[in-house]
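**Q** Each chain, written out:
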Amino acid sequence: MGSVISQETADEEPHPPRQCAMSVPATALLQPLPEAGTRSLPASLESFLAQVERRAWRVAEMGLNDREEALDAVQDAMLRLVRSYRERPPEEWSPLFWGILRRRITDLQRRRKVRSIVVGWLAPRGSDEDGDDGPLWEPADLAPDPQQRLLDSSAYAAMGEAVRKLPRRQQEAFMLRMLEGLDVAATAQAMGCSAGSVKTHLSRAMEALRNHLEDWR
Amino acid sequence: MNDIRDPLADRARSLFDGAVRGVDAATAARLRSARRAALQPRHAPIARFLLPAGAFAAAALALGLVWHPHAGAPATPAVTVAAAASSGGDSLAVADAADLDLYQNLDFYDWLATQPQQPGVAPAPAGD
Numbered sequence: 031m032g033s034v035i036s037q038e039t040a041d042e043e044p045h046p047p048r049q050c051a052m053s054v055p056a057t058a059l060l061q062p063l064p065e066a067g068t069r070s071l072p073a074s075l076e077s078f079l080a081q082v083e084r085r086a087w088r089v090a091e092m093g094l095n096d097r098e099e100a101l102d103a104v105q106d107a108m109l110r111l112v113r114s115y116r117e118r119p120p121e122e123w124s125p126l127f128w129g130i131l132r133r134r135i136t137d138l139q140r141r142r143k144v145r146s147i148v149v150g151w152l153a154p155r156g157s158d159e160d161g162d163d164g165p166l167w168e169p170a171d172l173a174p175d176p177q178q179r180l181l182d183s184s185a186y187a188a189m190g191e192a193v194r195k196l197p198r199r200q201q202e203a204f205m206l207r208m209l210e211g212l213d214v215a216a217t218a219q220a221m222g223c224s225a226g227s228v229k230t231h232l233s234r235a236m237e238a239l240r241n242h243l244e245d246w247r
Numbered sequence: 869m870n871d872i873r874d875p876l877a878d879r880a881r882s883l884f885d886g887a888v889r890g891v892d893a894a895t896a897a898r899l900r901s902a903r904r905a906a907l908q909p910r911h912a913p914i915a916r917f918l919l920p921a922g923a924f925a926a927a928a929l930a931l932g933l934v935w936h937p938h939a940g941a942p943a944t945p946a947v948t949v950a951a952a953a954s955s956g957g958d959s960l961a962v963a964d965a966a967d968l969d970l971y972q973n974l975d976f977y978d979w980l981a982t983q984p985q986q987p988g989v990a991p992a993p994a995g996d
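Sequence order for the protein chains is P and Y. Residue 31 is where the first sequence starts when you use my numbering, and the numbers rise one by one after that. Residue 869 is where the second sequence starts when you use my numbering, and the numbers rise one by one after that.
Misleading hints may appear alongside valid ones.
[As the list claims (entries may be wrong)] No farther apart than 25 Å at their CA atoms in a straight line, the calculated lysine to any residue pairs in the SDA-like style are these:
{"#": "1", "chain 1": "P", "residue 1": "143", "chain 2": "P", "residue 2": "99"}
{"#": "2", "chain 1": "P", "residue 1": "195", "chain 2": "Y", "residue 2": "969"}
{"#": "3", "chain 1": "P", "residue 1": "195", "chain 2": "P", "residue 2": "242"}
{"#": "4", "chain 1": "P", "residue 1": "229", "chain 2": "Y", "residue 2": "885"}
{"#": "5", "chain 1": "P", "residue 1": "195", "chain 2": "P", "residue 2": "123"}
{"#": "6", "chain 1": "P", "residue 1": "195", "chain 2": "Y", "residue 2": "886"}
{"#": "7", "chain 1": "P", "residue 1": "195", "chain 2": "Y", "residue 2": "891"}
{"#": "8", "chain 1": "P", "residue 1": "195", "chain 2": "Y", "residue 2": "885"}
{"#": "9", "chain 1": "P", "residue 1": "229", "chain 2": "P", "residue 2": "194"}
{"#": "10", "chain 1": "P", "residue 1": "195", "chain 2": "P", "residue 2": "233"}
{"#": "11", "chain 1": "P", "residue 1": "143", "chain 2": "P", "residue 2": "198"}
{"#": "12", "chain 1": "P", "residue 1": "195", "chain 2": "P", "residue 2": "142"}
{"#": "13", "chain 1": "P", "residue 1": "195", "chain 2": "P", "residue 2": "176"}
{"#": "14", "chain 1": "P", "residue 1": "143", "chain 2": "P", "residue 2": "196"}
{"#": "15", "chain 1": "P", "residue 1": "229", "chain 2": "P", "residue 2": "198"}
Think of the hints as simulated: they come from the structure by calculation, not from any bench.
Given only the sequences and the hints, what does the whole structure look like? Please build it.
**A** Below you can see the structure in the form of structure tokens.
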């Protein structure tokens with residue numbers, strides 16, 4: 031993972047500094063991001079949901095490490111957004127939706143924890159080690175280079191594993207701010223905390239991921 | 869999107885975007901159907917309220933049908949006989965129309981039915 035995730039993407043960084051992954055100050059992360067990847071405001075709730083549904087599923091999958099539960103979480107978040115916040119202005123949909131999804135993921139994680147404790151009591155150790163987790167991401171067929179796809183697939187799987195090792199609030203800050211690209215205010219609204227807390231959680235998350243990256247090398 | 873000059877963040881975002889683009893067709897279809905289901909008009913709450921109400925009404929009707937013959941059966945023949953006897957057997961319709969009155973004065977009509985018949989003399993109205 032380390033060697034893969036630390037690869038510099040030549041198309042994004044013409045002259046990427048090789049040591050930068052370990053040396054960038056945390057304050058650099060606190061600079062503003064364009065909102066949700068420069069996506070424009072959706073014209074309707076349907077177009078908003080169409081815009082975010084796959085990203086939401088990937089975020090839920092990363093948090094839950096389960097495709098079916100991720101689908102359930104996204105469907106539930108869609109339903110709740112439509113039923114409760116349909117009349118809200120479009121600029122509020124994004125933080126509301128991600129906030130709903132975040133809470134749903136947290137609920138499912140807690141349920142799973144309780145279930146694993148109960149199952150741990152009832153079943154002998156090692157009985158659930160069936161090793162059928164499988165890859166998190168099967169690369170798209172359209173990608174030009176199979177080897178690169180394979181590297182990206184394993185890098186993404188490793189990144190998901192590393193993110194799941196983070197404390198929950200750091201996970202949320204990383205996924206919403208870094209992966210989904212929400213700005214600090216929207217991330218704070220979705221997480222139900224202050225902007226300062228978002229910055230703290232994100233800074234710690236990035237630091238922990240960098241440490242993982244060092245281990246992976 | 870790439871204002872943050874951090875290769876780790878850039879790489880993570882790039883991998884994530886690639887994973888989003890690589891969502892398989894089956895999952896994408898399920899997400900679309902979930903979206904459509906979420907956007908459907910809200911008839912479900914009405915159905916949720918109607919279902920128990922309908923079940924309750926049906927249960928009440930069934931209970932009424934089961935209960936009513938037992939409650940009315942002993943009184944109906946006696947009332948009919950009493951009314952027919954008291955009016956010379958020609959006013960069953962009147963007896964039906966006066967059911968409520970009969971139920972309220974069952975003792976009187978029981979007593980009346982036991983009285984000997986006097987041809988040509990009509991009994992006094994129940995309410996008088």
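**Q** Where does the structure disagree with the numbered hints, that is, which hint numbers, in rising order?
**A** 2, 5, 13
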